[in-house]
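Heads up: the protein sequence lines correspond to chains B and E, in order. One point on numbering: in our numbering, the residue at position 28 of the first sequence is 28, and numbering is uninterrupted. One point on numbering: in our numbering, the residue at position 96 of the second sequence is 96, and numbering is uninterrupted.
Don't take each hint at face value.
Claimed, not checked - Heads up, simulated DSSO-like pairs for lysine-lysine below, C-alpha to C-alpha not over 27 Å straight-line: (1) E:K71 - B:K96; (2) E:K65 - B:K96; (3) B:K68 - B:K96; (4) E:K69 - E:K17; (5) B:K38 - B:K64; (6) E:K57 - B:K36; (7) B:K69 - B:K51; (8) B:K27 - B:K64; (9) B:K51 - B:K27; (10) B:K96 - E:K57; (11) B:K51 - B:K36; (12) B:K56 - B:K36; (13) B:K64 - B:K17; (14) E:K57 - B:K27; (15) B:K96 - E:K69; (16) B:K38 - B:K68; (17) B:K64 - B:K51.
What the hints assert, rightly or not - Restraint ranges, calculated between C-beta atoms of paired labels, are given here: (18) B:K27 - E:S80: 30 to 40 Å; (19) B:T28 - E:M27: 26 to 36 Å; (20) E:K17 - B:D66: 46 to 56 Å; (21) E:G16 - B:K56: 42 to 52 Å; (22) B:N18 - E:G16: 49 to 59 Å.
Claimed, not checked - Quick look at which bits of chain B chain E covers, simulated, 3 or more residues with Cβ under 8 Å: (23) 31 to 44; (24) 53 to 62.
Honestly, the hints are just simulated from the structure, not real lab data. Source: prediction; values computed, not measured. Virtual Cβ for every residue (Gly too), placed ideally from N, Cα, C.
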Amino acid sequence: SQELEQSPQSLIVQEGKNLTINCTSSKTLYGLYWYKQKYGEGLIFLMMLQKGGEEKSHEKITAKLDEKKQQSSLHITASQPSHAGIYLCGAESDYKLSFGAGTTVTVRA
Amino acid sequence: EAQVTQNPRYLITVTGKKLTVTCSQNMNHEYMSWYRQDPGLGLRQIYYSMNVEVTDKGDVPEGYKVSRKEKRNFPLILESPSPNQTSLYFCASSLSINREGGYTFGSGTRLTVV
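Only chain B is shown next, with the shape it has when bound in the complex:
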């Protein structure tokens, strides 16, 4: 199955500061999902990237897909307490959806 490595594992950011999370795949990426999870709760779909070079934004969250590097990044601008949580990247291979281990984001006031 596809292996996805996320970095960093966790990060603490001051409210108002920017942050970036990376997701690197062991296989060619044909589609990359980003999800957010509050601890112990369900996953909320953020966005999906399908094409190399594709970039999508939703509110203050921007994600990019670099197919050549088999990598995606998630960037949050001017972080707020509502951005705290666990961010997971996911990718499909052989009809299976695999996830990275997640990045825990803490936003300090």
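Let chain B serve as the given structure and place chain E on it in line with the hints.
Okay, now just chain E, sitting in the frame of chain B:
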């Protein structure tokens, strides 16, 4: 409201006592899947189903069974639960593979096997 519904949300059971966690979706999705989430191991896929009567193993299928007799339901069955199956379980569905809308996840079932 479009959603994936799992029941129960919390369950404590004893080793060896058969249990079923139900999952139902109201979006006419073809693809459904079960995951377990454990600290340090992330989300791991247990089983998935491409459509009615079509199921296949994920990465960690041992100790679990599933069935897909109807499109909307995809129950997870633990015939003889063991303590190493204590985990947070999620059901997810999607219209099909590689869909723009992504996968919709249920709220989770926290299972404790003692």
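To see whether the hints hold, each was checked on the structure:
1. Distance restraint check for K71 (chain E) and K96 (chain B): the Cα-Cα separation of roughly 18 Å lies within the 27 Å cut-off, and the hinted pair is therefore satisfied.
2. A threshold of 27 Å between alpha carbons decides the hint, and for K65 (chain E) with K96 (chain B) the separation of about 17 Å falls inside it, so the pair holds.
3. Restraint check for K68 (chain B) and K96 (chain B): satisfied, since their Cα atoms lie roughly 22 Å apart, inside the 27 Å limit.
4. A C-alpha spacing of about 23 Å is found between K69 (chain E) and K17 (chain E), which places the hinted pair at or below 27 Å, so the restraint holds.
5. For the given pair, K38 (chain B) sits about 23 Å from K64 (chain B) by alpha-carbon distance, which is consistent with the 27 Å threshold.
6. Of the supplied pair hints, the one linking K57 (chain E) and K36 (chain B) holds, its CA atoms being roughly 25 Å apart against a limit of 27 Å.
7. Restraint check: the Cα-Cα separation between K69 (chain B) and K51 (chain B) comes to about 13 Å, which is no more than 27 Å; the hinted pair holds.
8. With a C-alpha separation of about 17 Å, the suggested pairing of K27 (chain B) with K64 (chain B) holds against the 27 Å cut-off.
9. A hinted pair counts as satisfied when its Cα atoms are at most 27 Å apart, and K51 (chain B) with K27 (chain B) qualifies at roughly 15 Å.
10. For the given pair, K96 (chain B) sits about 9 Å from K57 (chain E) by alpha-carbon distance, which is consistent with the 27 Å threshold.
11. The suggested pairing of K51 (chain B) with K36 (chain B) holds, with an alpha-carbon distance near 21 Å, which does not exceed 27 Å.
12. The straight-line distance between the Cα atoms of K56 (chain B) and K36 (chain B) is roughly 16 Å, inside the 27 Å bound, and the hint therefore holds.
13. For the suggested pair K64 (chain B) and K17 (chain B), the alpha carbons sit about 19 Å apart, so the restraint of at most 27 Å is met.
14. As the CA atoms of K57 (chain E) and K27 (chain B) are separated by approximately 20 Å, the hinted pair is consistent with the 27 Å bound.
15. For a cut-off of 27 Å, the pair hint linking K96 (chain B) to K69 (chain E) stands: about 20 Å separates their Cα positions.
16. Between K38 (chain B) and K68 (chain B), the direct Cα distance comes to roughly 31 Å. Violation of the 27 Å bound is thereby established for this hinted pair.
17. Under the criterion of a C-alpha separation no larger than 27 Å, the hint pairing K64 (chain B) with K51 (chain B) is consistent with the structure, at around 9 Å.
18. For the pair K27 (chain B) and S80 (chain E), the supplied restraint of 30 to 40 Å holds, since their beta-carbon distance comes to about 35 Å.
19. A beta carbon spacing of about 29 Å between T28 (chain B) and M27 (chain E) agrees with the range 26 to 36 Å that was offered as a hint.
20. For the pair K17 (chain E) and D66 (chain B), the supplied restraint of 46 to 56 Å holds, since their beta-carbon distance comes to about 49 Å.
21. One distance hint, 42 to 52 Å for the beta-carbon pair G16 (chain E) and K56 (chain B), holds here, with the actual separation near 48 Å.
22. Distance hint check: the CB atoms of N18 (chain B) and G16 (chain E) are about 51 Å apart, consistent with the given range 49 to 59 Å.
23. For the segment 31 to 44 of chain B, the stated coverage by chain E holds: 8 residues have a C-beta nearer than 8 Å to a C-beta of that chain, and at least 3 were required.
24. Remark: the segment 53 to 62 of chain B is not confirmed as covered by chain E, as 0 of its residues place a Cβ nearer than 8 Å to a Cβ of that chain, below the required three.
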